[in-house]
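A.B. asks: Protein chains in written order, with this note's numbering: chain A, 2 to 530; chain B, 2 to 530.
Just so you know, not all the hints are guaranteed correct.
Any copy, or any two copies together, can satisfy a pair, since identical chains are not distinguished.
[As the list claims (entries may be wrong)] Result set (DMTMM-like, lysine to aspartate or glutamate): computed pairs, CA atoms no more than 25 Å apart in a straight line:
| hint | residue 1 | residue 2 |
| --- | --- | --- |
| 1 | LYS327 | ASP261 |
| 2 | LYS64 | GLU522 |
| 3 | LYS485 | ASP207 |
| 4 | LYS432 | GLU162 |
| 5 | LYS290 | GLU439 |
| 6 | LYS91 | GLU231 |
| 7 | LYS91 | ASP221 |
| 8 | LYS265 | ASP138 |
| 9 | LYS396 | ASP72 |
| 10 | LYS509 | ASP207 |
| 11 | LYS230 | GLU208 |
| 12 | LYS435 | GLU257 |
| 13 | LYS463 | GLU162 |
| 14 | LYS509 | ASP521 |
| 15 | LYS435 | GLU281 |
I should point out that these hints are in silico values taken from the structure, not numbers from a laboratory. Quick caveat: nothing in here was measured; it's all calculated off a predicted structure.
There are 2 protein chains.
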Amino acid sequence: MIRSQLRIIRSITRTMSTPSEAVPKSGGKLQFTLKTPKGTKDWAEKDMVIREAIFSQLSSLFKRHGGITLDTPVFELREILAGKYGEDSKLIYNLEDQGGELCSLRYDLTVPFARYVAMNNVQSIKRYHIAKVYRRDQPAMTKGRMREFYQCDFDVAGTYESMVPDAEILSILVEGLTSLGIKDFKVKMNHRKILDGIFQIAGVKDEDVRKISSAVDKLDKSPWEVVKKEITIEKGQTEETANIIGEYVKLNGSLETIHDILSKDKAFQANEKAVEGLKEIETLISYVKAFGIQDYISFDLSLARGLDYYTGIIYEAVTAASAPPKNASELKEKSKKQKKDDDDASEYVGVGSIAAGGRYDNLVNMFGEASGKKSTSIPCVGISFGVERIFSLIKQRVEQSNNVRPTATQVFVMAFGGGKDWTGYLPERMKVAKMLWENGIEAEYVYKSKANPRKQFDAAEKSGCPLAVILGKEEYLENKLRVKRLGPEFANDDGELIDAADLISVVKEKLSQVHENGVDEVTRLIKGL
Amino acid sequence: MIRSQLRIIRSITRTMSTPSEAVPKSGGKLQFTLKTPKGTKDWAEKDMVIREAIFSQLSSLFKRHGGITLDTPVFELREILAGKYGEDSKLIYNLEDQGGELCSLRYDLTVPFARYVAMNNVQSIKRYHIAKVYRRDQPAMTKGRMREFYQCDFDVAGTYESMVPDAEILSILVEGLTSLGIKDFKVKMNHRKILDGIFQIAGVKDEDVRKISSAVDKLDKSPWEVVKKEITIEKGQTEETANIIGEYVKLNGSLETIHDILSKDKAFQANEKAVEGLKEIETLISYVKAFGIQDYISFDLSLARGLDYYTGIIYEAVTAASAPPKNASELKEKSKKQKKDDDDASEYVGVGSIAAGGRYDNLVNMFGEASGKKSTSIPCVGISFGVERIFSLIKQRVEQSNNVRPTATQVFVMAFGGGKDWTGYLPERMKVAKMLWENGIEAEYVYKSKANPRKQFDAAEKSGCPLAVILGKEEYLENKLRVKRLGPEFANDDGELIDAADLISVVKEKLSQVHENGVDEVTRLIKGL
Chain A
2 MIRSQLRIIR SITRTMSTPS EAVPKSGGKL QFTLKTPKGT KDWAEKDMVI REAIFSQLSS
62 LFKRHGGITL DTPVFELREI LAGKYGEDSK LIYNLEDQGG ELCSLRYDLT VPFARYVAMN
122 NVQSIKRYHI AKVYRRDQPA MTKGRMREFY QCDFDVAGTY ESMVPDAEIL SILVEGLTSL
182 GIKDFKVKMN HRKILDGIFQ IAGVKDEDVR KISSAVDKLD KSPWEVVKKE ITIEKGQTEE
242 TANIIGEYVK LNGSLETIHD ILSKDKAFQA NEKAVEGLKE IETLISYVKA FGIQDYISFD
302 LSLARGLDYY TGIIYEAVTA ASAPPKNASE LKEKSKKQKK DDDDASEYVG VGSIAAGGRY
362 DNLVNMFGEA SGKKSTSIPC VGISFGVERI FSLIKQRVEQ SNNVRPTATQ VFVMAFGGGK
422 DWTGYLPERM KVAKMLWENG IEAEYVYKSK ANPRKQFDAA EKSGCPLAVI LGKEEYLENK
482 LRVKRLGPEF ANDDGELIDA ADLISVVKEK LSQVHENGVD EVTRLIKGL
Chain B
2 MIRSQLRIIR SITRTMSTPS EAVPKSGGKL QFTLKTPKGT KDWAEKDMVI REAIFSQLSS
62 LFKRHGGITL DTPVFELREI LAGKYGEDSK LIYNLEDQGG ELCSLRYDLT VPFARYVAMN
122 NVQSIKRYHI AKVYRRDQPA MTKGRMREFY QCDFDVAGTY ESMVPDAEIL SILVEGLTSL
182 GIKDFKVKMN HRKILDGIFQ IAGVKDEDVR KISSAVDKLD KSPWEVVKKE ITIEKGQTEE
242 TANIIGEYVK LNGSLETIHD ILSKDKAFQA NEKAVEGLKE IETLISYVKA FGIQDYISFD
302 LSLARGLDYY TGIIYEAVTA ASAPPKNASE LKEKSKKQKK DDDDASEYVG VGSIAAGGRY
362 DNLVNMFGEA SGKKSTSIPC VGISFGVERI FSLIKQRVEQ SNNVRPTATQ VFVMAFGGGK
422 DWTGYLPERM KVAKMLWENG IEAEYVYKSK ANPRKQFDAA EKSGCPLAVI LGKEEYLENK
482 LRVKRLGPEF ANDDGELIDA ADLISVVKEK LSQVHENGVD EVTRLIKGL
């Protein structure tokens, strides 16, 4: 469904000029293309069932860790978002100035969370938030890179012992991905203080650090030579500086291995900031061991992460699908030359990171200061799962099953009869359905007075529900109902004739037999069991 | 929490000039008020728990009726929303033109649903959608009238026998409100064809019908004399026309009573459209009786509903709190005179309708035509629950209870020890918590190496969780853990010393004792049990 829909969108958007605009039709009426805005899509049917199962897994996970949920508005005052996202600020969606306040759609859930903490003088909180965020980025729909997409965030705010909440956040990251059946991932980790220390060692001036940092951040997509060119030619650093950075950022391995290398590096040990960061990594090592998650973590000095607000450890989870295809730049060039509508970059990008986060100790304080409150530092650390990207990874696994059905219907209420005086028992079916609903049982019936048996069975089969309750023309007059199992293996089974008064107990009993295996199919598939 | 926050917002917004803008602070840094945009708010803590319980009730209800869920983007192409909302179109939020397509935030969930049905050539669907919609209206926060608010919609699309899905939608409306503990409501109902017929009878020209209809719609807030003035003076109808309209729209009573009156009205019976509508009401009567909901319904010829797209029956559920206070217009004048910031209209408006909907048979077709597809009519009927308004009604009921806690935490993991060599067992607590998490049990611990017992108990008490697992300094070395019930009645209970290997089974057993009463407190309160 979604796939065919995407095909339609793509074929439409390729043939039309951008922006899509209403054009007058013969007769003066407006005509326009029926589509969702670029980089957005409808979620429906099986895809929606799967996505809800993912949300359910993640919200249980967050609740297991003591999280409470928070819901902030989809737009914020424009000042709130200003100066938080570095180069990516240009991707923020603004609301039109229609009088009153100037607002923008949220770009992530972290900044609104920090705004909430500052505004309400919250001293400590573990909160989770599952909601949509908005970025005017180049979409890659089949890879799950959208302009409107869900984030599932867990953040801990409050002043605590060094690295203690950080370690739990990392455990949540690992628990979250494994609970979604994703096992072949690694968590790249770095520390902003270590990175800043390295830049100092290499001779980068303080005011240049963020732009050099964002150049280094491209190392997952581009080779060192390209990044080096950006650092030296575009961003004006010396060859010498670039080489020192190059030596450090190529380091990666287990937390302990890289910790040992840096501990013996004299230049590194001479830099106060770098040593401070490394000491935190040292503390972290014993905690990740307690959680048994050390093998997932790769200490990777090239990880920089674009956002301005990180101050401590930073991390992102990647899989084989995260990287772009090997011939990505070639494909990109080709696509540019063909001048085809650039609506979908799926061909030449990877899925990217599937979860990411870090420590941001000054963000709440920035809001406090900006609003003239007394300065109170509320350190924070958090993780954000990218559901669309995770979805694109597990979709195939789930699609192979035919057992995912979009409705929850358990009982189909039917009536069989005939002859001239046959009314079709529509109000009677309604009464029976109502009784089932009142007892919490999902029930449907055909919206037709005189529906023939075949059509009623077809409708039941289409819904995939396991039981039928049948009102026979004569049987019903004797207060009897027929309860029958549905499905090909019960084709020759006439079901059981029961007293109408026993309907609920019989249906509940039969449904408990159907569902005795416990875990439902979708959850089983999501978990990769 | 939310209440105090609202107080803060109000006090802030009253003292500041509108629009709130960043003003330079001494030192050149920007300073701004820390708030959410006008008419929006954060949902947190107990309020959020309650709202989630409401969503859970409603989504179970929708699933019981065979609904599948759909998620559409928060913004649509601007053409999609154009011409659907009559006078209210001015309340639509536009996104800024940042290049590319022109988009607007959705105003309801109905138009995006119709767009989805048309775009995908869906022939029939029962869908539900719980999501936020946006209206640049005058907010009344304490009454649940917001600019960003949730709607919970259920709609049936497809060609079916007359009034069959309509009756089920009405049953869903009644089941939904009663399942939320709201019992003192009535469902005002009318029919667009009957209303249009009445306007024809009164001599209103076709092109004037919608504007006269929207005048009549104000009868729930204004007396007839005021509405009559609008019809004659503002909207140019004759005294005679207004008087005829006045005679009809004052009618209300049970479906059968009003049906009987109109059946004997000669002028009415001579109007084709009116008779058509009345015949549908006749069909509906037997179905609402089958569902046993006839007593909730009041046939009210003054109900008009503002939206352009309705074509059949229309309805809205109201309670005593729906109406504005008796001295509303007086309060409004006073507020205007005081020239105080008009940020909140709570004082002089009612809660309004708490659920509303109707039949709209041409909306899908409008999209089909506009996009140049062959004309295929997909009739639709639906209901929308206004969660914020319902929330404001049941909040008091739930707030009286102290048993609503924001976290789901079941176990607090603690360590007791002392002496010089006491490490505080932090990694050990982490290990125990991890074991609990892996077995699906919600667990927390204090983020501190050496936390004293008092602080650990305080934290557990604050979370309201029922169990503690305690690592005693010596006991833990012998692979023993202590499991203890929390709460004032267990103050003198030392708990049970168990083998560490039995932890999960013992904790699960004890938790099942705690929760043996089944229905959780929030659901009980929401349902008004």
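A.B. asks: Now tell me if each hint is right for this structure.
C.D. replies: Hints versus structure:
1. In this assembly of identical chains, LYS327 and ASP261 lie within 25 Å of each other by CA distance neither inside one copy nor across copies; the values are 33 Å within and 77 Å between.
2. In this assembly of identical chains, the alpha carbons of LYS64 and GLU522 lie at most 25 Å apart whether taken from the same copy (23 Å) or from different copies (17 Å).
3. Proximity of LYS485 to ASP207 under the C-alpha cut-off of 25 Å is found in neither arrangement, the shortest distances being 75 Å within a copy and 54 Å between copies.
4. Taking CA atoms no more than 25 Å apart as the test, LYS432 paired with GLU162 passes between copies only; the shortest distance there is 18 Å, against 62 Å inside one copy.
5. In this assembly of identical chains, LYS290 and GLU439 lie within 25 Å of each other by CA distance solely across copies; the values are 16 Å between and 51 Å within a copy.
6. In this assembly of identical chains, the alpha carbons of LYS91 and GLU231 lie at most 25 Å apart only when taken from the same copy (20 Å versus 48 Å across copies).
7. Only within a single protomer do LYS91 and ASP221 lie at most 25 Å apart by alpha-carbon distance; the minimum there is 22 Å, versus 47 Å between protomers.
8. In the homo-oligomer, the alpha carbons of LYS265 and ASP138 never lie at most 25 Å apart, since the shortest distance is 42 Å inside one protomer and 64 Å across protomers.
9. Taking the closest pair of Cα atoms, LYS396 and ASP72 come within 25 Å of each other only across two copies (17 Å); inside a single copy the shortest separation is 28 Å, beyond that limit.
10. In the homo-oligomer, the alpha carbons of LYS509 and ASP207 never lie at most 25 Å apart, since the shortest distance is 69 Å inside one protomer and 54 Å across protomers.
11. Within a single copy, LYS230 and GLU208 get their C-alpha atoms as close as 19 Å, which meets the 25 Å cut-off; across copies the closest is 68 Å, which misses it.
12. When the C-alpha separation of LYS435 and GLU257 is checked against a cutoff of 25 Å, the pair qualifies only between copies, where the shortest distance is 22 Å, while the shortest distance within a copy is 64 Å.
13. Taking the shortest alpha-carbon separations for LYS463 and GLU162, only the inter-copy value of 20 Å comes in at or below 25 Å, while the best intra-copy value is 56 Å.
14. In this assembly of identical chains, LYS509 and ASP521 lie within 25 Å of each other by CA distance both inside one copy and across copies; the values are 17 Å within and 22 Å between.
15. For the homomeric pair LYS435 and GLU281, the shortest alpha-carbon distance between copies (22 Å) is at most 25 Å, but the shortest distance inside one copy (61 Å) is not.
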